[in-house]
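Colleague: Sequence:
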Amino acid sequence: MKYLKLIAAILLLAGFSQLSAQPVCTPWGNIKSIFIDGEEMRFETSLRSVNPDWKSYVKTEKYNWEGTQTYTVVGNTHTVSHFLLGLPLDFSSRMSETGKGKAQVEMTIKANEVISQAGTYFCMEVPGTEFSEGTITFFNNKKQISQLDLKSASKKANGDFVRLKANKVVWKSDNRLYTITPDETVEVFLRQDFDGNPAYKNDPWPQQKFVESDPVMEKADYQLYFTMIKGNAQKVLRNK
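Numbering (the numbering used here), first residue to last: 17 to 256.
Some clues are possibly wrong.
[Unchecked claim] With a straight-line cut-off of 25 Å between C-alpha atoms, the simulated DMTMM-like cross-links for lysine to aspartate or glutamate are:
1. Lys48 / Asp176
2. Lys172 / Asp209
3. Lys48 / Glu129
4. Lys184 / Glu149
5. Lys172 / Glu122
6. Lys181 / Asp53
7. Lys225 / Glu82
8. Lys181 / Asp69
9. Lys188 / Asp165
10. Lys167 / Asp209
11. Lys172 / Glu228
12. Lys246 / Asp190
13. Lys235 / Glu122
14. Lys71 / Asp230
15. Lys225 / Asp176
16. Lys167 / Glu234
17. Lys118 / Asp53
18. Lys217 / Asp230
19. Lys217 / Glu122
20. Lys188 / Glu82
[Claimed, not checked] Derived Cβ-Cβ restraints for the label pairs, each shown as a range:
21. Ala169 / Gly247: 21 to 31 Å
22. Thr88 / Ile23: 10 to 20 Å
23. Asn213 / Pro43: 15 to 25 Å
24. Asn218 / Phe51: 11 to 21 Å
25. Leu164 / Met233: 30 to 40 Å
26. Lys159 / Asn191: 22 to 32 Å
27. Asn156 / Pro231: 37 to 47 Å
28. Ala169 / Glu200: 24 to 34 Å
29. Asp190 / Gly102: 19 to 29 Å
30. Gly247 / Ile161: 22 to 32 Å
31. Val232 / Thr88: 34 to 44 Å
32. Glu203 / Lys71: 28 to 38 Å
In case anyone wonders, no lab produced these hints; they're calculated from the structure. For glycine and all other residues, C-beta sits at the position ideal for the given N, C-alpha and C.
Construct all of the structure, not just a fragment, from the sequences and the given hints.
Modeller: The structure is reproduced here in structure tokens:
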């Protein structure tokens, strides 16, 4: 079988103190946060298949009741395999603690049938309230290619702030510094969308809709997407 793979190394810092750190790995394949010196750095990684019209999506999430998933823990590595709810898209998520304030996610995917979609993405989501006055900087082959001041950045007509190819992204605010490095140069883009069923409702359903606003949240979270499949997913055939 031929698989598409993305390896993302995530370096997360909180101020200057890094005496201890522990990522929170879930049995459904996401890293929900990381604790550094007892303080929780809130973010979430996930695999997402987004519908062609960018009105809804399916993600790796808790209440995927279809089929049977596997979940193993060996040392500092958590491995999950399953498929996205309602979609013929198999995935494996291998999440590892790789040092103080460091984590790595190795995501592999395989389509068993044709899937109509805008794309399949590895996503890292951070709170909008923590980064609305921060910056995000993109690099390719150690060269800075773009930087956005999120306080003044504006969305394009398609909802993106920026879309480009990069192999390193640095997110920075007054008290947060996250560095994400995929193992190769990929198409990356930044959005800020509200969900119709946000995390604060504590009802983590895999199928979600994007909405214009939220009655509780003043600012939507930011979503950084790393492209794994652009456009429709094609059925993977067995090698002869």
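Colleague: With reference to the structure, classify each hint as holding or not holding.
Modeller: Each hint, compared with the structure:
As the CA atoms of Lys48 and Asp176 are separated by approximately 24 Å, the hinted pair is consistent with the 25 Å bound. Under the criterion of a C-alpha separation no larger than 25 Å, the hint pairing Lys172 with Asp209 is consistent with the structure, at around 13 Å. Simply put, Lys48 and Glu129 have alpha-carbon atoms about 29 Å apart, too far for the 25 Å limit, and the pair is violated. Using a Cα cut-off of 25 Å, the hinted pair Lys184 and Glu149 holds, with the two alpha carbons roughly 20 Å apart.
At roughly 31 Å between alpha-carbon atoms, Lys172 and Glu122 are farther apart than 25 Å, so this suggested pair is violated. Among the hinted pairs, Lys181 with Asp53 is inconsistent with the structure: their alpha-carbon atoms are about 34 Å apart, more than 25 Å. Taken as a hint, the Lys225 and Glu82 pair is honoured in the structure, with Cα atoms around 20 Å apart against an allowance of 25 Å. About 22 Å separates the Cα atoms of Lys181 and Asp69, which keeps this hinted pair within 25 Å; it holds.
A hinted pair counts as satisfied when its Cα atoms are at most 25 Å apart, and Lys188 with Asp165 qualifies at roughly 10 Å. A distance of roughly 16 Å separates the Cα atoms of Lys167 and Asp209; the hinted pair therefore holds under the 25 Å criterion. With a C-alpha separation of about 15 Å, the suggested pair Lys172 and Glu228 falls inside the 25 Å cut-off, and the hint holds. For the hint linking Lys246 to Asp190, the alpha-carbon distance of about 34 Å lies beyond 25 Å, and the restraint is violated.
Straight-line distance between C-alpha atoms of Lys235 and Glu122 comes to about 30 Å, which puts the hinted pair past the 25 Å bound. Restraint check for Lys71 and Asp230: the C-alpha separation of about 15 Å stays at or below 25 Å, so the hint holds. Annotation: proposed proximity of Lys225 to Asp176 holds, straight-line Cα distance about 17 Å (limit 25 Å). Taking the CA atoms of Lys167 and Glu234, the gap is about 14 Å. The hint holds against a cut of 25 Å.
For the given pair, Lys118 sits about 13 Å from Asp53 by alpha-carbon distance, which is consistent with the 25 Å threshold. Proximity of Lys217 to Asp230 is assessed by CA-CA distance (about 12 Å); at most 25 Å being required, the pair is judged to hold. For a cut-off of 25 Å, the pair hint linking Lys217 to Glu122 is broken: about 29 Å separates their Cα positions. Under the criterion of a C-alpha separation no larger than 25 Å, the hint pairing Lys188 with Glu82 is inconsistent with the structure, at around 38 Å.
A C-beta distance of roughly 26 Å is found between Ala169 and Gly247, which places it inside the suggested range of 21 to 31 Å. Roughly 19 Å separates the CB atoms of Thr88 and Ile23, a value that falls within the hinted 10 to 20 Å. Take Asn213 and Pro43: their Cβ atoms lie about 20 Å apart, and the range 15 to 25 Å holds. Range check, Asn218 to Phe51: about 20 Å between beta-carbon atoms, so the 11 to 21 Å window is met.
The hinted range of 30 to 40 Å is not satisfied by Leu164 and Met233, whose Cβ atoms lie roughly 21 Å apart. Checked against the hint of 22 to 32 Å, the C-beta distance between Lys159 and Asn191 comes to roughly 28 Å, which is consistent with it. Against the hinted window of 37 to 47 Å, the Cβ-Cβ separation of Asn156 and Pro231 comes to about 40 Å, which satisfies the hint. Remark: the range hint 24 to 34 Å for Ala169 to Glu200 is upheld by a beta-carbon distance near 26 Å.
At roughly 40 Å, the beta-carbon separation of Asp190 and Gly102 lies outside the given 19 to 29 Å, and the hint is violated. Checking the proposed 22 to 32 Å range against Gly247 and Ile161 shows it holds: the Cβ atoms sit about 24 Å from each other. The hinted range of 34 to 44 Å is satisfied by Val232 and Thr88, whose Cβ atoms lie roughly 37 Å apart. In this structure the supplied range 28 to 38 Å is violated for Glu203 paired with Lys71, their Cβ-Cβ distance being about 21 Å.
In summary, the numbered hints that this structure violates are 3, 5, 6, 12, 13, 19, 20, 25, 29 and 32.
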